[in-house]
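Student: Here is what each chain is made of, one letter per residue.
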Amino acid sequence: MKSRTFLLLSLIFALLQGPFLPPVFSEGILLPFFVPHQPVKKLLPSLFLSGIFFDLFQNQTLGVTSLLFLAFAGLFIFLGNQLNFRKPVFLLISILAVNLLRAKIVFGTFPF
Amino acid sequence: MGAGRKDTSLYLFIFYFLFSIFIFFLDSRGMLIGLRGFVDRITTPVQTSLFNSRKVVLRPFSVFSLSKNKEDESAKLREENGRLLSKLSNMEALEEENERARHLLGASLPASWRFEPARVVSNFASRIYLTADFEPKQGMPVITSQEKSGVLVGQVESVLGKKIEVVLSTSDLFKTTVIVRDKETGARRAAGILVGQAGRLKLEQVLTSETVKEGDMVVTSGEGLPPELLVGFISKVFENHGTFQEAEVGYPVDLGALDFVFLVTKY
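Chains Z and H supply the protein sequences, listed in that same order. Sequential numbering from 1 applies to the first sequence in our numbering. Sequential numbering from 1 applies to the second sequence in our numbering.
Hints should not be assumed to be uniformly reliable.
[To be verified] Simulated coverage check for chain H against chain Z, where a stretch passes if three residues somewhere in it have a Cβ under 8 Å from a Cβ of chain Z: (1) 17-28; (2) 32-43.
[Said to hold, decoys possible] Calculated lysine to aspartate or glutamate pairs in the EDC-like style (CA-CA distance at most 20 Å, straight line): (3) Z:Lys41 / H:Asp7; (4) H:Lys202 / H:Glu248; (5) Z:Lys42 / H:Asp7; (6) H:Lys87 / H:Glu97; (7) H:Lys175 / H:Glu246; (8) H:Lys266 / H:Glu223.
[Said to hold, decoys possible] Derived DEER-like restraints, expressed as beta-carbon distance ranges: (9) H:Phe25 / Z:Lys87: 35 to 43 Å; (10) Z:Gln82 / H:Thr44: 40 to 48 Å; (11) H:Ser28 / Z:Gln82: 33 to 41 Å; (12) Z:Leu96 / H:Leu88: 43 to 51 Å; (13) H:Asp40 / Z:Lys41: 29 to 37 Å.
Calculated directly from the structure, the hints in this document are not laboratory data. Note that this is a predicted model, so its numbers are computed, not measured. All C-beta atoms in this analysis are idealised placements derived from N, C-alpha and C, irrespective of residue type, glycine included.
The task is simple: from the sequences and hints, build the whole structure.
Tutor: Laid out in structure tokens, this is it:
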């Protein structure tokens, strides 16, 4: 997935999530697919901007989601040598972790 | 070279991390309100129209939508709320009826008497109209409780569907034999006939040899009506001219405050 695609999807999901989409953090699902395959120079600004978009359009304090994305990116990069995130079980765990953590930290409640 | 790239990545990572913390700090202090305002001006109309179009667009997919469950739940809650409000209203009426019954139990009435409650729905021209869960017979006495005593209100005249017509003792149609008792001692003072006269009560045909005083109790004698039911109090004794004397009897029932009465089904 290209950085521009990831940013565009961030923008769209951030706009649609409140009024239209069900309360599922869609970007969190894309994160494990995007992070392992990007060079760091393109990855980090994309994650930072994507987090800013989410916080801005969902009326949350700016920077929170960016910090979370960057933290997860760091984890993926650090564990990427030990774990293969293409395997479904690791992918599922990382998606769940991103979703639950963001929902709890940003919205104060789990999405279920 | 490899180590160099790693260092660059690490520095970039630290930079963006710290920059995010900095942005978080600025926004939490309210220093980015201008940026938020600018973005809100663009996104709010978009999100509003998306929200308004949501119902139309998502209706075909409502089977999968969580909002449909919430709408169903909301409808169920509204229905249950209506049902509970109705129950609450019934309970309040029962509570009031119960309170009246307790009051009546405190009155000095024989334990062998039996009563059925009835609710007053209207009163007009010396008549009151009741509703009850049973069908009374014509002539059945209707009482209420006052000052720890059973007080005669009137008698059942007719039953019209679910409504019971009761002729008050102050009606021109009402006539019964009564006994006059001393209010303090309860001693019998006199006997006479009580008649209703256009909203008032009049005691007639009391022998002049018998003494009646203002404040004396007038109670039923037991002919055609349960005995010792309070009908009223002597309010004025007229000057006597002949064999009999007459007196005005005060009607003790406040018709405006009458909500529940009791039909005496057995005495």
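Student: Now tell me, hint by hint, if it's right for this structure.
Tutor: Comparing the hints with the structure gives:
Residues of the region 17-28 of chain H with a Cβ under 8 Å from some Cβ of chain Z number 11, which satisfies the need for three, so the listed coverage holds. Taking a C-beta to C-beta cut-off of 8 Å, the region 32-43 of chain H contributes 5 residues in contact with chain Z, enough for the three needed, and the coverage statement holds. At roughly 12 Å between alpha-carbon atoms, Z:Lys41 and H:Asp7 fall within 20 Å of each other, so this suggested pair holds. Our distance criterion of 20 Å between C-alpha atoms is met by H:Lys202 and H:Glu248, whose separation comes to about 5 Å.
Distance restraint check for Z:Lys42 and H:Asp7: the Cα-Cα separation of roughly 16 Å lies within the 20 Å cut-off, and the hinted pair is therefore satisfied. Taking the CA atoms of H:Lys87 and H:Glu97, the gap is about 15 Å. The hint holds against a cut of 20 Å. Between H:Lys175 and H:Glu246, the direct Cα distance comes to roughly 15 Å. Compliance with the 20 Å bound is thereby established for this hinted pair. At most 20 Å may separate the alpha-carbon atoms for a hinted pair to count; H:Lys266 and H:Glu223 meet this at roughly 14 Å.
The hinted window of 35 to 43 Å between H:Phe25 and Z:Lys87 holds, with their beta carbons roughly 38 Å apart. Taking 40 to 48 Å as the suggested C-beta distance range, the pair Z:Gln82 and H:Thr44 conforms, at roughly 45 Å. Restraint check, H:Ser28 to Z:Gln82: a C-beta distance of roughly 36 Å satisfies the suggested window 33 to 41 Å. Distance hint check: the CB atoms of Z:Leu96 and H:Leu88 are about 46 Å apart, consistent with the given range 43 to 51 Å.
Our hint of 29 to 37 Å for H:Asp40 and Z:Lys41 holds, since their Cβ atoms are close to 32 Å apart.
Hint violations for this structure: none, all hints satisfied.
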